[in-house]
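Given chain A's structure and the hints, the job is docking chain B onto it.
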Amino acid sequence: MSDHALVEGLAGLASRVDSLSHLTAGDPSRTLEDQEDRLAKLTLVAIALDMDATNAKYRDAVNRVQAAIDAIGDADRKIQNVAQVISQVAKALDVAEKLLTKLAGV
Amino acid sequence: MKNERRIAPTGVLLVALVVIAVICVGCAGMPTGRFDTLVAASKAVEMSTAQTDADFVNLTRRFMMFSPAPGPYRVDSFAPVVEVGGARLDFDFGPRLEPRQAALGVLVAYTEVLAAFARKDYGGELDRATHSLGGSVQRLAGHVTASTIAQQGGGVLATAVNGLGHLITERMRRVALRKAMDDAAPGVRAIVAYVKEINLLASTAVTTMRDQFIRKANGLTVADGVARLQLNEAVEGVIVESNSILAQLRQESTAVDAIVPAHAELRDAIDRDERAVLEKLMALVAEVKRLQSVYSTLK
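Line by line, the protein sequences are chains A and B. Residue numbers are given in this note's numbering: position 75 of the first sequence equals residue 75, and the series is strictly consecutive. All you need for this note's numbering is the position in the second sequence, starting with 1, plus 106.
One chain only, chain A, in its complex shape (with noise of 0.2 Å):
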C-alpha cells in the first residue's frame, strides 16, 4: 500500500520554511535556507520512489514532518520560536534523509 503524505508533507513544510525564512536574518535564515534546500531535494525524491505506507519507518518520518509543519504554524505568530522550529525541521529532515537513502538503495 503506498500513499502521498510523506511527498505532500515534505512540499508543504519546504514551502513553510521558505516562507519562514525571508521573515529571520542572519545564522537562523541562514540555516532555514539550507533546510528549505534540502525538503525540496528530499520532495523530488520521494516523488520519483514507491514507498510503502505500512512501513513503520515511513509512518514515522510522516509524523515527524508533520511535526515540524505543527511547530511552524503561523510562521508571521511563531517567529520568535524559530531555534524551535529548525530543531523540529532537522529532526524531521534527518529521519526523511534516512529513510529515502535507505529506500532508494544506497
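To be clear, the hints were calculated from the coordinates, so they are not data collected in a lab. Mixed in with the good hints, there may be bad ones.
Unchecked claim - Cross-link-like lysine-lysine pairs, in silico, DSS-like; alpha carbons within 27 Å at most:
no., chain 1, residue 1, chain 2, residue 2
1, A, K98, B, K322
2, A, K102, A, K57
3, B, K149, B, K285
4, B, K386, B, K302
5, B, K322, A, K91
6, A, K91, A, K57
For chain B alone, kept in the frame of chain A given last:
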C-alpha cells in the same frame, strides 16, 4: 358473422403492427456516434498527457542545468540526481509517468472495444480492439510502480468486455453492452483516480523545481548587461513553462475525471438521445487542446 369476419383481419393487423413496433424498438440503432466521441475524448486526454510529460521532462532538464552535480563535468552531470546527506539519489520521474500513460492506454483501448461492438464491427475490428486492450492491460501490469488499484482496474476492464461476442439482435447487443459497462465502471474509476493521483504528484514536482529554480537564480550574481538579459530569459522561460505544465495537468485531471460520468451516462442512455455529459467532456478536452496551443505560443 360478416362483421366478425371483417374485424378478425383488423385485429390480426393490429397485433402484427404492435409486434413490428416492438421489434423496431429492439432494433433501433445504437448511438454509435457517442461511443466514438468517448473514444475521441479518451484519446485526446492520452495525447495531451504525453505532450505534457514531454514538457515535464524538458523542465527537469532545465532544472538540472541550474543544479548540476558538483565538480568537473561528467556524462551524468545533468542526470536527475540530487545529493542528500552525502548520497546521490536519483529522482527520475519516468518510472512514475510511464505507468500513468499505460493506464490511459488501457482506458482508450477499452473505449475502442465498446465503440467497435456498438458499431457491430465484427469483421476484425472488435477482435483487434479486444487484443489491443489485452496488450494495454499487460503493459500496465508490467510497470512495477503502477498502483495495485490501477492494475486491478485494467484487469476489470479486460474482463468486462470478455462477454462481448458477435451478438445478432440489437436488443441482445444492448443488454451485453450495458452489462459490460456496469462491470467495467469500477475499473474506469480506478484508472481515472490513478491518473489524477500521478498528475498531482507531477504538479508537486513542477512546483518544487520551479521554486528551487527561482531561489537559485536569486542567489546568482550577474552584472547588468547581456548576461543579465540571458538570465532573465532563462528564469522567465522556466516560470512560463512551469505554469503551463501546471495548467495542463490541472485541465487533464478535470477532463479525465469527466470520463467517469460520461461513461455512466452513456450506459444509461443507450436507448435515449442524451448527449449533455459527452458534450461537456468534449468541451473539456477542447479546453485541454486550447491550453496547449496557447502555452506553446508563449514558449
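Going through the hints against the structure:
{"no.": "1", "hint": "K98/A - K322/B", "in the structure": "holds (25 Å)"}
{"no.": "2", "hint": "K102/A - K57/A", "in the structure": "holds (11 Å)"}
{"no.": "3", "hint": "K149/B - K285/B", "in the structure": "holds (23 Å)"}
{"no.": "4", "hint": "K386/B - K302/B", "in the structure": "holds (19 Å)"}
{"no.": "5", "hint": "K322/B - K91/A", "in the structure": "holds (25 Å)"}
{"no.": "6", "hint": "K91/A - K57/A", "in the structure": "holds (14 Å)"}
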